[in-house]
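J.: Residue strings, one per chain:
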Amino acid sequence: AQTVTQSQPEMSVQEAETVTLSCTYDTSESNYYLFWYKQPPSRQMILVIRQEAYKQQNATENRFSVNFQKAAKSFSLKISDSQLGDTAMYFCAFMKGADMRFGAGTRLTVKP
Amino acid sequence: GAGVSQSPRYKVAKRGQDVALRCDPISGHVSLFWYQQALGQGPEFLTYFQNEAQLDKSGLPSDRFFAERPEGSVSTLKIQRTQQEDSAVYLCASSLGTSGGWVNEQFFGPGTRLTVL
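Chains as they are written, first to last, in our numbering: chain Y, 1 to 112; chain C, 1 to 117.
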């Protein structure tokens with residue numbers, strides 16, 4: 001079974017600075033999808049960024065980018081120019097077919 | 001709206017009561033998922049439907065949990081004889097399909113927070 005590990009329960013960053021959230025996963029699959037979801041206090045999960053395992057190029061969405069290391073089974077999220085609205089829980093997720101597994105999450109606080 | 005909706009948003013039940021949680025997926029989405037999210041944790045898979053067929057219910061914690069999607073759209077998660085350990089946020093998600101690729105991307109509802117006293 002696939003497992004997803006987020007080793008940082010909580011992190012904080014100053015506004016306008018850069019922060020990196022870590023995620024590792026365990027799988028024997030070769031083709032799969034990885035996601036970072038954001039869950040603000042209102043609770044709705046919002047997709048931040050996604051990566052296909054067969055693509056070597058790291059995904060980027062505006063201030064959000066990933067560092068995908070397939071051999072190391074690592075999928076970290078970098079948030080540049082952090083904003084107060086980035087304060088939320090961030091979940092890393094692994095998907096193969098209809099099966100999606102989440103990590104325990106990292107609570108990110110952006111400080112003014 | 002075009003998103004996944006869930007009702008009620010909050011539910012308080014006395015231990016032993018039955019509850020029913022509703023999910024309205026995005027129109028046209030074939031797949032529907034239920035997750036349980038304990039406080040401070042990531043969502044944990046409960047069950048999955050493709051149209052009206054329940055293809056996987058391996059995550060349901062006990063036979064007190066039952067889910068249905070009779071017409072392949074709206075789904076209901078029912079919990080019988082609720083226990084305190086059932087207190088959690090129940091998330092519903094839907095996706096366009098399961099044939100592979102980005103059609104599998106799941107869109108989440110706001111969740112129902114269940115508190116069992």
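Incorrect hints may have been included.
[Stated by the list, open to error] Pairs of lysine-lysine, DSBU-like flavour, derived with a Cα cap of 35 Å:
(1) Lys78(Y) with Lys111(Y)
(2) Lys73(Y) with Lys57(C)
(3) Lys73(Y) with Lys111(Y)
(4) Lys57(C) with Lys11(C)
(5) Lys96(Y) with Lys57(C)
(6) Lys14(C) with Lys111(Y)
(7) Lys96(Y) with Lys78(Y)
(8) Lys96(Y) with Lys11(C)
(9) Lys96(Y) with Lys78(C)
(10) Lys57(C) with Lys55(Y)
(11) Lys57(C) with Lys70(Y)
(12) Lys78(Y) with Lys55(Y)
Because the hints were derived from the structure by calculation, they are not lab data.
J.: Of the hints given before, which are not true for this structure?
T.: Violated hint (a single one): 6; every other hint is consistent with the structure.
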